[in-house]
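In case you want the letters, here they are:
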Amino acid sequence: MKGKPFTHLEKLEKSGQASLLPERIKISVGFASCGLAAGAQTVLDAFIKGIKKRKMDVQVQKAGCNGMCHQEPLVDVWIPGKVRLTYGKVTHDEVQAILAAIKLDTIPEGALLQTSLDPSADEPCCENVPDSKSHAFYCKQHRVALRNCGIIDPENIDEYVALGGYEGLATALSEKTSMQVINEVKKAGLRGRGGGGFSTGLKWKTCRKARGKQKYIICNADEGDPGAYMDRSILEGDPHAVIEGMLIAGYAVGASQGVIYVRDEYPLAIQRLEIAIEKARENGIIGDSVLKSDFSFDIRISRGAGAFVCGEETALIQSVEGECGEPQQRPPYPAVQGLYGCPTIINNVETLANVPALVKNGAKLFSAVGTETSKGTKVFSLVGKVNNVGLVEVPMGISLREIIFDIGGGIPGDKAFKAVQTGGPSGGCIPESLIDMPVDYDKLAETGSIMGSGGLIVMDEKTCMVDVALYFLRFLEDESCGKCTPCRVGVRRMREILEDICEGRGTIKDLALLEKLAGTIKDSALCGLGRTAPNPVLSTLKYFKDEYLAHIKDKKCPAGVCRELVKYSIDKKACIGCGACLKACPSAAVSGEKKKAHKINLKKCIKCGACSEICPVGAVLT
Amino acid sequence: MVTLKIDEVQVQVPEGATLLQAAQKIGVWIPTLCHHDSLTPTGGCRLCVVEINRGGVSHVVSSCVYKAEEGLTVLTATEKIRGIRACIIELLLSEAPEAKVIQDLARDLGVKPVKRFAPRNELCIACGRCVRACSELVGMSAIGFANRGYEKLAVSPFYEKAEDCIGCGTCAEICPTGAIKLIDIEEGETAVAHDGTKVQGPARIIQNWKVNLKLKTCKECGETFAPENQLAYFSKEAGLSKDFYDICRHCRT
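From first to last, the protein sequence lines stand for chains A and B. Residue numbers for the first sequence follow this note's numbering, beginning at 600 and rising by one. Residue numbers for the second sequence follow this note's numbering, beginning at 1244 and rising by one.
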């Protein structure tokens, strides 16, 4: 372990190595929220029961999410000295098959991925199983913030230390001054991963220089964007990475107190953090004398209470202080005057998770990846109409096309790609013509969208872009704090107009009114929520105006989504009379004889679209 | 002292003064709604926004909150600002079309109502002057805000009778739209409270906070002049004798 020898950490390192790479077979089950939702508890219980029944000497433990969420429940089988094999969509029966194979000293079949545990091996262990260099989902990824997720047991601090954890902190405390740490972070070009993209090093420098005996580090774990769960996965899979990041930040700016503001809707993340903080405290990593140095730092958790707006830093501070979360006009900026009026750093979870590796390995290595203005990697939650739904971490500069089609495996059902929404409710939709662009803070902003926190929602031909804009407006209207007129009333009015358009009451004048409202809200709203609220509308108007016009002029929804504008009917010529739609219809609106063209009774039709989905010849029209 | 430029005119203000105060010093009119000189500014209505230039980038900020900076350039009536003001008034008009102060501002700024939206049926525009006044000027914090977003309203705690209200009427006085309904009834008169019960005079009824408080009657002239609760609070705060307010101020002289 580099840095000044911290002997008590060496003990943890040894114990962690033994736990991470035991001499007997180890089975780890993906136990983050996604895994649990898919049935990981059942799988874990089955392993424990099966191992006991067969009297096998096998270690079983939990791990975080490795990013392949579309394959949950995920299981890793660690064969000592040889290989780690990953299995996906594991069922109760498959658990038995895996155990049976292990009992016979053979390698269980059906592995998705192999990772060699033998540094001297030239050849892969299993012939037909790809490793991360050749696996389509992994080969283009570069996992830094997610380095430990899916590998370590997040409740075991020893394993974190065994993989180099707290080495960055040790290096900073023993070899660098606080200004040297700040300069390293600045040189590396780390920008805020929460969406703002502001220079982390510059923020730390401002806080360092600010007057005040008491300073704070706040980790913003409010993660509010719908569909985004990057921070959740890091907190559930590698909470110590965030703790270490906060400690380094505290050392750099001269803060002695840390607060992790976690949204209340993340109970597992809160639980894992509580365990991690306790373990860190037990081992002298948090407290009066961090790693036996002069530096003191304590961390507490502050829970959110159901407000997206509390992800905005000034509203977050209000919430921590016990007030109602309402943004405040800046200046003063929190780095100068924040929590309880003291200089405060607010950094996103992913930003902090990058810090330990950055300090441990140096700025040069960090900035070797990425583009000119966007260094390093970015974690994206790849969701929506995409085959390989999951969490991916890629170098900045990779194209959206590569993420969606190479890593993501393209659009399911061979449907056509339509757009990808980035940046959540503050972002915009990017059409196919632009998806070869490199992922980069500034390039994305040029399209009218933003990087945002990393949500990537893929949309296909069956997505109505007007409906997408309406969805985000409804969300923002619900989450607006209500303090400023442009957001409180303006977003509400925009939503009303979009609703009219989607329900067939829109007029052509509405488009001009939308643009005018969007302009005012963008210019005059008090905080980022309001100022970026018009983005989904503006970007869909920019690239998909024809859909708006179809809704307004023709009173039609081309994608067949907006219920009021959709009239289902069966093409008499195309229908083969198979009766699938008749069986699928929940309201008995379809009638017809075998092998004869079927009909839909519009009076009974509830427009669920089941007939359209199930028709083998595409004879259902909207 | 801090020197800055407002609409090309140089002005000097003490450290800590806001852009609004600087503009007022040189007679530049900036419309306001949620602002009041006696209250902590909040920058919510966004009517007082101005354009400032910081590091070559133009920013739109609430002048009632933004503190004056040395060498700052402020523009109060650019096309962008005028467009924003007009749109904000349009939005407020759509929210509370009956509010006279908004109608007046609309007339002054040449704004016509947009007849496309259903109003909120409330005069309250969530400016927060009543809440801030009750907290900062009166010291009772008897009322607050409920709900988020468009439904945000100034209300009594849990929509029930505001227990800490002393009936001083500062809220009604300071409300810009007249959203707070305060009536005084005399001896012998009756009124109906929010819950349908009859209230006997002399009383002050503030419907919004579900409050009805007995008014004090002067021992000398028999006039009612203030709620008993308010006088009790004042006596306590100022250390006055219990019978100090038995006589109204007219009879005292």
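These are calculated hints, taken from the structure and not from any lab test. Watch out, some of these pointers could steer you wrong.
Claimed, not checked - DSSO-like mimics (lysine-lysine), calculated; alpha carbons at most 27 Å apart, straight line:
1. A:1141 - A:1172
2. A:1144 - B:1459
3. B:1457 - A:1121
4. B:1323 - A:1141
5. B:1459 - A:1115
6. B:1404 - A:1108
7. A:1121 - B:1485
8. B:1459 - B:1404
9. A:1115 - B:1358
10. A:804 - B:1310
11. A:1115 - B:1404
12. B:1459 - A:1152
13. A:1172 - A:1154
None of these values were measured; they are calculated from a predicted model.
>> To test your reading of the hints: which numbers does this structure violate?
In response: 1, 2, 3, 5, 6, 7, 11, 12
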